[in-house]
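Here the protein sequences line up with chains A and B, keeping their order. Residue numbers for the first sequence follow our numbering, so the first one is 30 and each next one is one higher. Residue numbers for the second sequence follow our numbering, so the first one is 56 and each next one is one higher.
Quick caveat, the hints were computed from the structure, so don't treat them as lab data. One thing to keep in mind: the hints can contain errors.
[Unchecked claim] Some chain B residues judged to face chain A by a derived CB distance under 10 Å, without partners named:
{"#": "1", "residue": "ARG77"}
{"#": "2", "residue": "VAL102"}
{"#": "3", "residue": "SER103"}
{"#": "4", "residue": "GLU108"}
{"#": "5", "residue": "PHE120"}
These numbers come from a predicted model, not from an experiment. A virtual CB, placed ideally from N, CA and C, is assigned to each residue, including glycine.
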Amino acid sequence: GQNIDQPTEMTATEGAIVQINCTYQTSGFNGLFWYQQHAGEAPTFLSYNVLDGLEEKGRFSSFLSRSKGYSYLLLKELQMKDSASYLCAVRASFQGGKLIFGQGTELSVKP
Amino acid sequence: EPEVTQTPSHQVTQMGQEVILRCVPISNHLYFYWYRQILGQKVEFLVSFYNNEISEKSEIFDDQFSVERPDGSNFTLKIRSTKLEDSAMYFCASIPAGPNTEAFFGQGTRLTVV
């Protein structure tokens, strides 16, 4: 089966750092994606990992360990506008294959 | 910046009616998808389309669903006889050629079946 787990909710303070974890069990692996989704809107791409290690992109970083089936998204210098749902998604098969999404982590940033 | 566009943004329909959701993917993209998201739930894959045919479909994508790319630009999802449980946000997405590229999502169509 295909399973992607992430915490349902997290709360953090403006200016702080937060780490959102994702674990996955899929029949194949061809990349892990993080998307941000504000309520009622489309998912927007944040980051992508296909090899082990850390990818940094401004205030956002994402880490992958394929052997552990584990990824995290790190958000630094949190801003109120970062309040959103963060979706972990795995592409389990070939180029152009579907994305399998986790439930999403609803992040609330408090002043 | 190029974007995936979807119409309509909202659609209310009566149970049993047919609906067509429309998408214009980014012009040089090769892979096209429909996903849906029931309120409060995760984004679920429905179908993928490549080279003018369905490349993969989920268990959700049963005989009441169909997709078409009638004119090389539009990509449509038809639901033949809508049910209450079809109420959801439907997202179209597309991917360009090249390895391991991200999916670009449209803004979605909110379908409400009454």
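Consistency of the hints with the structure:
1. Because the closest C-beta pair between B/ARG77 and chain A is about 15 Å apart, greater than 10 Å, the hint is violated.
2. Look at B/VAL102: its Cβ gets to within about 9 Å of chain A, closer than 10 Å, so that hint holds up.
3. With a cut of 10 Å, the hint placing B/SER103 at the interface with chain A holds, because the nearest CB-to-CB distance is about 6 Å.
4. The restraint placing B/GLU108 at the interface with chain A is violated, with a minimum CB-CB distance near 13 Å, outside the 10 Å limit.
5. The beta carbon of B/PHE120 is not positioned within 10 Å of any beta carbon in chain A (closest approach about 15 Å), and the interface hint is therefore violated.
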